[in-house]
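Engineer: Below, each chain spelled out in residue letters.
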Amino acid sequence: MKHRIDEAGVWNNNHIIEIVNLFKVYRGGVDVKALDNINLVIEEGEFLAIVGPSGSGKSTLLNMIGLLDTPTSGKILLKGIDITQISADERARLRNRELGFVFQYHHLLPEFTALENVMMPMLIAGVKKEEARATALQFLEDVGLGDRINSRPNQLSGGQNQRVAVARALANHPSVVIGDELTGNLDTKTSDLIYDLLRKLNKKINQTFILVTHDTELAEKTDRILRIVDGKLVCEMRREGDRFVSTEVCQTAEAE
Amino acid sequence: MARKHMVSNPKMVLFTVMSVALAVAVIVLMMGLMEGYRGEIIKSTVENNPHIIISSKENEDYISLYRTLSSTVWDYPDVQAVSPRLLGKAGAKYKDEVRGVSFVGADPAQEDPLMHVQEDVVEGDYLDLVFKKHSAILGTKLAEELEVKPGDDFYLIRMNRSLKLEVVGLIQTGTGSDESLVYLPLEAAQDLMDQGDVVSQVGVRLGDIYAAPSITDDLNARTSYDVKSWQDQSRDTLELLDTQKAIMYIFYFLVFVIAGFGVANAMIMIVSRRTKEIGILMAMGTTGRSIVQIFLTESVIQAPPAALLGCLMAYIVARLIEAYPIEMPSDIYMVSRMTVTLTQEVFVYAVGFAILVNLAAGVYPAYKASRLDPVAAIATE
Ligand SMILES: Nc1ncnc2c1ncn2[C@@H]1O[C@H](COP(=O)(O)OP(=O)(O)OP(=O)(O)O)[C@@H](O)[C@H]1O
Ligand SMILES: [Mg+2]
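Chains as they are written, first to last, in my numbering: chain A, 1 to 256; chain B, 1 to 381.
Calculated pairs, DSBU-like style, for lysine-lysine (alpha carbon to alpha carbon, straight line, at most 35 Å):
#, chain 1, residue 1, chain 2, residue 2
1, B, Lys276, A, Lys129
2, B, Lys368, A, Lys33
3, A, Lys33, B, Lys276
4, B, Lys368, A, Lys129
5, A, Lys75, B, Lys368
6, B, Lys276, A, Lys232
Label pairs and their calculated CB-CB ranges:
#, chain 1, residue 1, chain 2, residue 2, range
7, A, Asp223, B, Ala376, 30 to 40 Å
8, B, Tyr367, A, Gly126, 17 to 27 Å
9, A, Val20, B, Met18, 52 to 62 Å
10, A, Ala88, B, Ile301, 23 to 33 Å
11, B, Tyr364, A, Glu90, 18 to 28 Å
12, A, Asn150, B, Tyr367, 27 to 37 Å
Far from chain A by the CB rule (all over 12 Å, computed), these chain B residues:
#, residue
13, Ile42
14, Asn48
15, Pro113
16, Val117
17, Glu187
18, Ile250
19, Ile301
It is worth saying that the hints were derived from the structure and are not from the lab.
Positions of the beta carbon are idealized from the N, C-alpha and C atoms, including for glycine.
Excised from the complex, chain A in its bound form (with noise of 0.2 Å):
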């Protein structure tokens, strides 16, 4: 396992994440609150997705807990640190270290190839060329694009940037990977090869995965759904054997 410990010593339980009383509000003509008071722990090498309606809160949510964004209030904690109270540069390197972020759209670089565009993280982090480039080949190759590695993002269809984008993604190895949406564009046999890549990575080195997603399906062959809704946490199950037990804070919504 590694990881157990940051610099400063102070991590040493299980929670890679917590989230404590979390908001976030968007001021404009009128306040929205996204986030109402979110409370949360993620603990490594869990597999879990984040369901809800459209503009719930769900993506952001992922982007506080990958340092894209600050909370208004509340505190997160990643692997003990308090990313709130931290320097930009710090986020910075957290946000290339020990995150993996795949967002609603692909967003990779248009004018990269996909090989270049999932060696960046690495690059960014110092790894060397030809090392990234192994590193690199070898996640494509995963995702099912080894034969198309050279190809740019307008040369590629949707599904097949959402997959570069997983493999960039996971190229730094880091510690949690968030996705969002990231089947969406996918078709049944493209989702469980990518399912099954990241189930398999989640196995073999404890990777933590918080997937956003709308597919049920994917849902359900995760170990733990939480249903956000107007930016409350509504309602958790988790897999007991081959089905999902509620919490009791979901039966009273459900009740409602």
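Mind docking chain B with the ligands on chain A? Use the hints.
Structural biologist: Below, chain B with the ligands alone, put in the same frame as chain A:
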């Protein structure tokens, strides 16, 4: 870090490079012109004036031991000419015309190597000064105004003395002195001044003009005469040029600012076009510092080609100015044509200038880029 250039818009790059190149060209040319002008002034100073002038001691009006002094000066190495000269102001009268003149009385054989007088004589014969005691060579413009021609006799009048002199030649130096200059043999001038066998100065010409200050210092230390090098004489002019330099610096600065705004504008456009990609890079963990670095590099990378292009343009224009000389009124500028001297230094400045422009202009856009909000940046289309 291996990253492709964020700028892949050749048209825009061309425009920013051109704007900096033009600025570089203008500045190189201006520097070249200033340098050329400076050079011309020095040249005309050392051509038209003795390189060292030895004047009388303090409290004395004239030098009487000028022969001893001359031989002392001849002992220095690389001395090409030493000429004792008696200078003064007088009136020149021919028929009804009277003009104020500055006369130079000197031994023609010694004066010629000092001032290269013979080269400038356009009419008549310089050597007649040697053979005729009461003869004179006049500046062309002066002769024109007095309406005298070679062969005519005119009068040189000073206080209550007057001297009848024959015009044996006309001299054209191309400077303002053409309007007032009269050359005459030393004895004739001494007659006019009525001070006995004296001179007012001893002029020296050197093979190496830059040896003048040390010889001057040495003479000042060894004798009690007042000795001045050509640098001392042209100091005022060169100082004037230096004050003009301050104005030039303001001008350079303005050109710098204008070019800088051009580059900054282009850089800001690039940043706004690349907003989404900057956001993606940030999401992958690129630090703000690296983003600044990327954009500064983008900007500075354009400097060398801009400098090269600018220098090339300046060089071409300089050659054109050389090929098609531009005449200038010599009485205002002291030199009669525009010259451009492009020293290597100027080109070094140009490269430095271009780098500085691009660096300065890149700072703000690069900083802006590094401060983008990644979520918003990624959301832009
Ligand atoms: N930058 C923003 N400014 C203002 N409001 C925003 C902003 N981003 C998101 N919101 C609002 O916050 C709420 C949550 O948005 P979010 O994108 O997290 O939803 P989502 O659950 O990801 O939806 P979807 O499933 O459609 O992607 C929405 O009401 C949205 O309009
Ligand atoms: Mg979303």
